[in-house]
Structures are given as C-alpha cells and as structure tokens.
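A.B. asks: Chain by chain, the residues run as shown.
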Amino acid sequence: MKLSDRVERVPPSGIRRFFELAEEKEEVISLGVGEPDFSAPWAARTAAIDSLERGRTSYTANRGRRDLRESIAAHVRRYDLEYDPDEEIIVTTGASEAVDVAMRAFVDPGDRVAVPQPSYISYVPGVIFAGGDPLAVPTRAENDFALTYDDLRAAGAEAADALVLCYPNNPTGATMSRSELSEVAEFVREHDLTVLSDEIYAALTYGGEHASIATLPGMRERTVVFNGFSKAFAMTGLRLGYALGPAEAISAMNRIHQYAMLSAPTTAQFAALEALRSCEDEVREMRRQYDRRRRFVLSRFAEMGLECFEAKGAFYAFPECGGDDERFAEELLREQNVAAVPGSVFGAGGEGHLRISYATGMNDLKEAMNRIEAFVRG
Amino acid sequence: MDAKRELLDLLLSNARESATDLARQTGLDEAEVEALIEELESDGVVRGYKAVVDWDRVDEEHVQAEVELNVELDRETGYEEIARRITKFPQVSSLRLVSGNYDFAVDVEGKSMHDVSNFVSEQIAPIPEVTQTVTHFVMETYKERGIEFGDRDGDDRLSVSP
Ligand SMILES: Cc1ncc(COP(=O)(O)O)c(C=O)c1O
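As given, the protein sequences belong to chains D and V, one line each in that order. Residue numbering for the first sequence follows the numbering used here, starting at 1 and increasing by one per position. Residue numbering for the second sequence follows the numbering used here, starting at 379 and increasing by one per position.
If you are wondering where the hints come from, they were derived from the structure by calculation, not from laboratory data.
Anything over 10 Å on all C-beta distances counts as not near chain V; from chain D, calculated:
#1 V10
#2 N143
#3 T266
Covered stretches of chain D (in silico footprint by chain V; criterion: 3 or more residues with CB under 8 Å from a CB of chain V, positions within the stretch not fixed):
#4 12–23
#5 117–124
#6 287–301
Ideal Cβ placement from N, Cα and C applies to all residues, glycine included.
When you get a sec, could you build the whole thing from the sequences and use the hints?
C.D. replies: What follows is the structure, encoded as structure tokens:
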C-alpha cells in the first residue's frame, strides 16, 4: 500500500526501541516510565463507574460537557488563567489530541514551527503531520534547560511561525519562572509567533508556583495552553485533556476535533468532573511523594558524582551520563537491569544525558539508585 | 510542612526508613534527622515502631477480637481508672474510649477463640464497673493501619513510555 510522504518523514521513536530492549529482560526496574505510578483518585474512579451505571454513555457536546468546562475554568484560575467556558475551552482526548489538533489548526504546509529540545516526542511528528517544518531549538544544560532569547536567536527562530513550549518539561524536569518566560515572550512578540504551550505538568511544580506564558503581556491573544488530567490526577488511561485559548483559536480547533473525535470520552469526563470537585488532597499528596523522591534521586546522583541540575517540575531528573547516552542506557540495562531513556531520544541538546523518571515506588527507586551507583563506579 | 511534621509523615508511611534515606528525601542532614526523631520520641509523639502483620500468613493460630464494653461510673471511679486497669492486660492490644452505644472499644488478641472468650469472661466482665461486653471475632482483615492485605495489584504500565 502506498504510504503518505508525511508518514514516511516521521521515523519510529527511539522510545520504542528501548521499550523492546527492556521487555526482553526480567527483573528490570524501570525508570523509563512517562506516567504516574499512582492510580486515579478513588473518588474519580467511582464517579466514572457511577456514570456508567446510570447509563451516561452517549456523546457529549463537541467541546466537552459544559459543567466540566466550567470546572476547568475555575481550576485554571490558580495559574491566573481566565478563560470563558463557552468560547475559550475545549475538552480533548488527552493533551495529545489537543496538540495534534492545534498543529493542524494553526500550521500551513511550509510553515515553520520552532520546537525547543529536548522535549516531549510528539511535537515534531505533530508538525510534520500538519505539513509544517519543525525547527529544532536546542536548550542548554548550563541554563538548566530553560529556553532563552539567545537559544531562539541562535536557532533562527525569528523565521518561525509558531513556537512550542513545554514547561515543566518532559524529559528534563526543567521549569521556567515568570522572568525567564518574559524573555521568550519578548522574542515571540517581536517576531509575531503563535505559542503552543504544553503545561500538562503544571501541578507538579516543586518549591514554587507554575507560571504560564499566556499570563504575560500581549501573550494571551497568541497563545494556546494545553493541560489535562493524565499527570496531576494520575488519569493517563482515561485519556482526557483540554486546551485554553482565544475564542477564534478554540473554534478553529473544534472544527477539526468535531470531525476527528466528535467528543472526548464521556466516562472520562465524569471522572474528571469529580477529580476537580473533590480530589485536591490526593493531588497534593501525590505531589508531596514525588517531591520526596525527587530530592532522593538528586541527592543520590550527587553522591555518586553524576552531574544533575535541580529539576523542579514533572517527575523527571536529567543527569549527565557523558558521551554516548544510548550506549550508556543500553549497558545500564544489560548489566544492572535498570531501564532509563537516553536523552538524545528527545532531540537536540539531550545527548549525554539520561531521562530518569521517579514515578516509581520508593523501594524500587532505592534499589535502582544502588544499581546505577554500582554501574557508575564499576 | 515543617521538617518535624514532614519526618512524621515519612515515618507514618515507613517506620523503617533509615536516617540516611530520610535525609535524602527531606533535604535535611542526617544529624538533623536524628535529632528531630529523638525529639518526636522524647515528646511522646512517636510512641513506638511495630510491624503490621498479616496473621493469616503466619503458620500459627492467632485470634483477634473487637470487644465493646459498657461501664457504669460512680463517684470514685472514672474512665481513666477503668482504662488503666484494662490496659495492663497483655492480651489487650488497643483500648479506646469511643462515642456511641458503648464506652470502650477493646482489641483483644489470643491463641484461640477459647483463649479470647475466656479472657473476656474471666478478666474483663468481672470488673465491677463493667455492665456489658459484646465480643466480635475478626473473620478476615482487609486493611490494617493503612496497609491493604489483598494480593498486590501489579504494575501494568508499559516499562518504557514517552
Ligand atoms: C509533555 C507532555 N505532553 C503531553 C503528554 C500526553 O498527555 P495526555 O495523556 O493528556 O495525552 C505527555 C505524556 O507523556 C507529556 O509528557
């Protein structure tokens, strides 16, 4: 069968290869998992069950249930984000769908989309599937992987039409403060870019408040923010996310979403409604546990002499392993049965690093760190 | 959360955590951790550290019962005094004054049902202030002090994912 050029242009992800390597072995402790080890809060799960028992199994409005959009509007106010539930919010099948639909809604064939890297692996394929040309913008270890004005200029991002942002970041765990974001916003205004800001890890920010670029002067009208229930509420398998943006942008996204998806999963919408209504304590407790593990892995890396900046978000640390990260990760898996994802899988700037996910119970984390130490010292 | 409260939280979820690992998780240094734990102990906040045991998996007879106790107070005897007398029995693993239809909730442990019912009828019921006892033998434990006893749910996440 003839495959489209767009598909041919996207190589299989490097994550897949490591998944296969890890699956071949037994007794592996995996620090390669990009989702919470917790289950969704029990109240959210029972709300989903209850909705099924009451037979709430039909489609919802294209943009999602109105009560859910209202709850989302109230929820994001904590980040100073003000969006109208009728016009400016759309509920999607995971943030993944929101990213895909946004690319198709805002990118024309030949448009250039600046993608800071290392970053989540879906952005570049998303740009390509939309017919656009991705422009990699490497971020640097010496800036703790925050994106700077200079990074944008060095990569020639003034020629871009749009910019993707992902803070707190997967894979580095990097966060960006308001003042760091201001530099980026300045560049964006100067060169009239659209911003697609993936803030799915916003709730997992440690020792500080999450700042959204959409709250900076002149940014709201050119920014779409993505968020969702997968990470903060440990609801990955329920597949529910959302996008916030100016009415015109959300309406454009909805034009694609209504044909591609019709509506996001109904059962998940009921779970999400309950999650927002009553699960704040569970989210806080999960964040507390991630934070302990974060401090634990960072101090272990310091003890074994692996250089690692203090990641303050998501559930990742990004230590330097030096040189060939693919080889390091393969040997670590072979010799010590610990799986971690090589940084270069996440694009330019990731080489020589490992993504360490601490979304793993403390006992496994302790053992994995002992094994990494044995590997590094051996 | 202040440091002491944070340590208490960590000990509540795993009392066997070493001072080194507690230090790594809190950002305190080891000496601080040890000093704070010592304070928690000497202030009587932390009263002890004991294993949570699933007796069904121990190869010996072990019976637990929850006993409801009603008492009648008089001018000389209050709850405190009755409680003091009951706590001394090694068979009593916990004793609480509760609101509702009875006064004390007593957890009793023994080697057999006979053991436990004998203990209740011979040692507890005869106490002059005790007017009624109702013994509930434990048939099955599903969760104890926050720990679920069922088979653990496996981790069915993909071993490596984006
Ligand atoms: C940065 C980032 N964005 C989006 C997603 C996808 O989230 P969802 O489950 O909402 O589709 C992930 C999942 O790993 C992620 O790390």
